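S.K.: Listed below, chain by chain, are the residues.
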Amino acid sequence: MFKYFPHTNTDVKEMLEATGAKSLDDLFRDLPEAVKYQGDLDLPEALSEIEIRQKIGELALRNQNLISFRGAGSYDVYTPSVISALTSRQEFLTSYTPYQPEIAQGTLQYIFEFQSMICELTGMDVANASVYDGATATMEAMFMAISQTRRNKVLVSGALNPRVLNVLKTYARFRNVELVILEADDYHTSLASVKAKLDTDVAALIVQNPNYFGVVERMDEIANLIHENKSLLIMNVDPSTLSVLKTPGEIGADIACGDAQTLGIPLNFGGPYVGFMATTEKLLRKLPGRIVGMTNDVDGKRGYVLTLQAREQHIRREKANSNICSNQSLMALHTVIYMSLMGKQGMTEVARRAYNNAHYLYNKLLQTGLFLKVTDQPFFKEFVLKTYLNIEAMNKYMLEKGILSGLNLEKDNPQEEQEILFCATEMRSKAEIDNFVQMVEAFHVR
Amino acid sequence: MYDKLIFELSQQGRVGYSLPASDLSAEIALDADLLRQNEALLPEVTELDVVRHYTNLSKKNYGVDEGFYPLGSCTMKYNPKINEEIASNPLFTKLHPLQPAETVQGALEIYYETSRMLSSLTGFSEFSFCPFAGAHGEATGLMIMREYHLRNNDFQRRKVIVPDSAHGTNPASASVCGMEIIEVESTKDGTVDLEKLKALLNEEVAGMMLTNPNTIGIFEKDILEIAQLLHQNGSLLYYDGANLNALLGVSRPADMGFDIMHINLHKTFSTPHGGGGPGSGPVGVTEKLKDLLPNPRVRKENNRYYLETSPNSIGNVSGFYGNFLVVVKAYTYLLTLGKENVAKVAYYAVLNANYIKEKLKDDYKLPITGLCKHEVVFDGLRSEKATTLDVAKRLLDYGYHPPTIYFPLLFHQSMMIEPTENESKETLDDFIEIMKTIAREAEENPEILHTAPHKTIVRRLDEVKAARNPIVKYRDCL
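Top to bottom, those sequences are chains W and X.
Start counting the first sequence at 1; every next residue gets the next number (this note's numbering).
Start counting the second sequence at 1; every next residue gets the next number (this note's numbering).
Hints listed in this document are in silico derivations from the structure and should not be mistaken for laboratory results.
A hint or two may mislead.
Said to hold, decoys possible - Straight-line distance between alpha carbons at most 30 Å, and here's what the computed BS3-like set of lysine-lysine pairs gives:
(1) X:K465 x W:K319
(2) X:K59 x W:K301
(3) X:K344 x W:K36
(4) X:K359 x W:K13
(5) X:K188 x W:K319
Computed from a predicted model, the values in this text were never measured in an experiment.
Please construct the entire structure, taking both the sequences and the accompanying hints into account.
M.R.: Rendered as structure tokens:
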């Protein structure tokens, strides 16, 4: 017997009799012999829990936890202890998508709360129940805009995270969407660069804020320009900054999307995270994915259901805008609990600390004389500096000290020669920053 | 007070967090036109408020740990606790995805080894874990299919054949990657009609998507012939891994002639469904399609693992490398099962489904007789006095999660029951007894079914009202 299988020999015998099969093998008599596997599976023998802990524990030791000064789409953030205590409850963890609302009110209500909080942060009218990650959220937003405008060209800010851009490129190619990547002008998206490429074929402009280089974009004039052209403005935003920064709603964006990893989700080597999408009332019916609505039951009691399902793949099949079936539910719950704990005050406080840490680090690095300023654009928690130091050698040196230094931008884009993207979130203490800067100096004089 | 929204518990000034004292207390010095103008309405609550609120919300849910969850096509198997413990190791959760390869060798090895084990179980050469879910895997797989033809200068191949019984995701996935769907009719016994299939084949057909066993739980006995027809036509065959649990270790999709597949780790490999996600939808391919897999691929050389970005790939489909922690859980499950138990998954899953089929066929219409695989589809009650929806709602009163209902679309009153290998004969017998009781009630007192559920915390909800007058955020109900 094995711990996950309850079938005793007697059970098997009785159940086979009931089904009329002669043996367990006989249950597969409808398979042609040629497709029955006769080989020897290349799998290890079953391991006990004690051995599993040992084996995977040893594997884990081949990974290294580092003090991070790197962001670029994945941020070392504070995760309150309450979150895992609650998200690990079996009722949340082991249920599936809420097909039977009477026994899924827990899931439905937290999704309603998620939608509400995403709308509050983004300033938009309606949000969906979440999607996989920020990159796929941006891709879905792109197709919403194409479907809404019936135009086929999409302008993309040159200051969009290249990892998000890569996903856009893949999908755009298969759908014959023309992507036009604007030149990043002084590390931001300039009005002139948009103007130069805007025409009546343009479905949307996609801008990230704060952008890949950490710069806070100035969007008002760009938003007007886009709307005069009857195109849509898609903003990829970091929700952890939105209690401070002008919201996509205030800017007049048509779709706000992005990754909510910054709302308390650990780095997780890139996943699971959670993508979010929010839009205007006007575009509600183009929004992909699940949406939860409030209603009443037959006794008049308040309750929640999946709603507006006529948009979705199981009804529209090949006419659906998206093929997403479910959502990234448990991660959405993770962020809802985070936002509830942090609340109005905490969200602002975390944003302020990240801003302060990054600016402190920026000034300290400049003071060493080893770095050059590249722009005067305002930034939030990430920034680019130029250096004549050998970045790869410096980063290697930092690894030996247990530090993950900034990202060498030249590796992704040779034009960004000798440039490094630094980040300091609310997790970095002043002492850690001071120590890091000292290490940079030590590397220089070593 | 436990029926409130978290917003309704808010009291001005309350907080649920603490942060270290900060030496850097400057205010944000950005121009006013870059700053938020209107305050966000977020809850102001204490830590205990949050703990109570979400603990009480959780009690309004039903999970696998609580009881039988025979939701067809979803493989709601037991989610082992050791998977969760292993995946919560900070040496996994605190890894930045852009850390240098030499600092994440353990994580890369897990990707590599899981791919290797899945390859052994399915017969494919290599898996990519970049897709986040089944639907995402489908889209990725179809892109690989399309790309394969493009590389052969076969530009006109953009049609994908799916059976009329296919899941709604299949056609949606095809259109997401710029392909078109053609449906092939099923025979009376619910399998692909070979003659009808032949008639559809031409030089525009990129490939065909199939689940096997299909959506009604029947093995496509002509699979080798189907594969041969497609391949002779220059087309590829895609395996939707939704139903892989039926065949694990017994039969391998690549050996049936499939070229591409996706697996749902959250179905067959025991990772929790989490109320709808995160899942993982790895895509596997045969040797000739390996170079097309999404970027980046995990490679191994001289005992060192690294990530490779190739210009030959279809490109990236996710921000980083997929849902890593979900893969850690599936890896843990595979090591726990081991070679000696892996094939028993399919044996017991299929035994359980056939047992239910035999025991319920006198009370529920069985449109397709004969062996089923891991799930069984009934076409509603034999009694005409109540619908499948009524039966599902009545099951809630008895404390069960209902089966999948009104899918597949082939039958009007579909009821798709998938008992996984983890369920004991006693659990099945209890469920069978309740299903029979409900069938009796339908005859004797149908009203109790029509008005069910009676014992749940909310009863039937007004979906029409929700759609007609959408309230989709807290501010809408202020």
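S.K.: Of all the hints given earlier, name the ones this structure violates by number, lowest first.
M.R.: Result: no hint breaks.
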